[in-house]
Amino acid sequence: MSTIMSQMSVDRLRVLREFADRGTIGGVAEALSMTPSAVSQQLKVLAKEAGVALLEPDGRRIRLTDAGHALVVRADEVLAAMDRAIAEMSHYRASPRGRVRVALFPSGAALLLPHLLPALADSGVEVMAADEDAPPTEVSRLLADYDVVLTHRDERGPALAGPRVATRPLMREPTDVLVAPDHPLAHRTAVTPAELADETWISVRGGFPVDDVLRSIATLTGVRPRIAQRLNDFRVIETLVLSGYGIALMPRFAVAHPDLVMLPLSGVRAARLYELATRPHADKSPAIATVLAAFRTAAAKITDD
Numbered sequence: 001m002s003t004i005m006s007q008m009s010v011d012r013l014r015v016l017r018e019f020a021d022r023g024t025i026g027g028v029a030e031a032l033s034m035t036p037s038a039v040s041q042q043l044k045v046l047a048k049e050a051g052v053a054l055l056e057p058d059g060r061r062i063r064l065t066d067a068g069h070a071l072v073v074r075a076d077e078v079l080a081a082m083d084r085a086i087a088e089m090s091h092y093r094a095s096p097r098g099r100v101r102v103a104l105f106p107s108g109a110a111l112l113l114p115h116l117l118p119a120l121a122d123s124g125v126e127v128m129a130a131d132e133d134a135p136p137t138e139v140s141r142l143l144a145d146y147d148v149v150l151t152h153r154d155e156r157g158p159a160l161a162g163p164r165v166a167t168r169p170l171m172r173e174p175t176d177v178l179v180a181p182d183h184p185l186a187h188r189t190a191v192t193p194a195e196l197a198d199e200t201w202i203s204v205r206g207g208f209p210v211d212d213v214l215r216s217i218a219t220l221t222g223v224r225p226r227i228a229q230r231l232n233d234f235r236v237i238e239t240l241v242l243s244g245y246g247i248a249l250m251p252r253f254a255v256a257h258p259d260l261v262m263l264p265l266s267g268v269r270a271a272r273l274y275e276l277a278t279r280p281h282a283d284k285s286p287a288i289a290t291v292l293a294a295f296r297t298a299a300a301k302i303t304d305d
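Each residue of the sequence shown is one higher than the one before, counting from 1 in the UniProt record's numbering.
These are calculated hints, taken from the structure and not from any lab test.
Here a beta-carbon is modelled for each residue, glycine too, at the ideal position from N, C-alpha and C.
The reader is advised that the hints may include incorrect statements.
Ranges between beta-carbon positions, derived for each pair [unchecked claim]:
1. Lys284 / Pro181: 47 to 53 Å
2. Val73 / Pro181: 25 to 31 Å
3. Thr200 / Pro158: 28 to 34 Å
4. Arg60 / Leu231: 18 to 24 Å
5. Thr297 / Pro158: 26 to 32 Å
6. Met82 / Val45: 40 to 46 Å
7. Ala31 / Ala186: 29 to 35 Å
8. Thr189 / Ala159: 19 to 25 Å
All chains should be modelled from the sequences, with the hints used to inform the complete structure.
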C-alpha cells in the first residue's frame, strides 16, 4: 500500500476527497476552481495509479466503489499529514497562525463566540465563523468546507462516528420548560412530564435536540404532544411563549427574555451536548489546536458562571 500511495499525486487525492464530500464532478469543480473535464481526468489518472476502479455508475450519476471509499480514508491521512507538515513549518517561523474556518449552530454561536474571539485576539489565528443551522447528520457534509464544526445533540442520542469524523465533547446544557409569567405552572420550581400532557407546544423542526426531548416526554406520558408551531429561531419561540401561544422546551443558556420562566424537567434526562467535530488528526495543526483550546476555555467560563 505504501508503494502505491507514493505513486499518487497529493493533488489528485485531494480531488478524490472532494468528490467523497460533495458527490458530484460539478461540485468538485466549483470547490477547487477547476473544469469538470479536468476533475474527471484527475480521477481517471488516480484510478490508473491505484490500479483499481475508484468510481462506478449509479444510475445517471457516478459514485465511489468500495476501493474508492477505502482510498478516501487513506487520502484523509495523507492530506492531514501534509497539513501538519505545513503547520509545523509555520510554527518554526512563528507562533501558530493562519485562518481556521468554523461552523456553529446559531444559538451556540451566540453563546460561545463572544468568549471565543477575544481569547484568540493575540494568538495569530484568525477565525472565519459561519452559522450553520444543520442537524448532526450534516456534520460530515459541513467538514467539506470547514475545519471545525460545533454541533449539538440530545445527550441520549448516539455520538457521531465514522472514519472521516473526529468529535470531542465540549459542554452539557440542560433543557428547561419555558412558560410565560402568567402561566399556571409559572410558580413551580420544577415540572413532571405528566403535568405537561395537555399543553400546547412551540417546538423546533424534527432532527434537532429539543425535539428529541419532546418525543421522550410523549413516550413517558403516552400522549402525543400538541405542537402548534415548529420554528428554529429561539427568539421567535420566546416571543410566542411570552404572548401565551404555548410553552416550549429551551436550552438553558439560550433563553434571552428576562420575563420568561424556566422550569427544570423532572424524570427526564433533558440536555443537549455540545461537540466539536473535525477531520481525524486535524488537531495536529497548531492553528486548529489553538481554536479547539479556545473553545474549551470559553465553555468552561460559561458553565462556571
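A quick look at each hint next to the structure:
1. Lys284 / Pro181: 47 to 53 Å: holds (51 Å)
2. Val73 / Pro181: 25 to 31 Å: violated (54 Å)
3. Thr200 / Pro158: 28 to 34 Å: holds (31 Å)
4. Arg60 / Leu231: 18 to 24 Å: violated (37 Å)
5. Thr297 / Pro158: 26 to 32 Å: Holds: the Cβ-Cβ distance is about 28 Å, inside 26 to 32 Å.
6. Met82 / Val45: 40 to 46 Å: At roughly 19 Å between Cβ atoms, Val45 and Met82 fall outside 40 to 46 Å, so the hint is violated.
7. Ala31 / Ala186: 29 to 35 Å: With Cβ atoms ~51 Å apart, the hint is violated.
8. Thr189 / Ala159: 19 to 25 Å: violated (32 Å)
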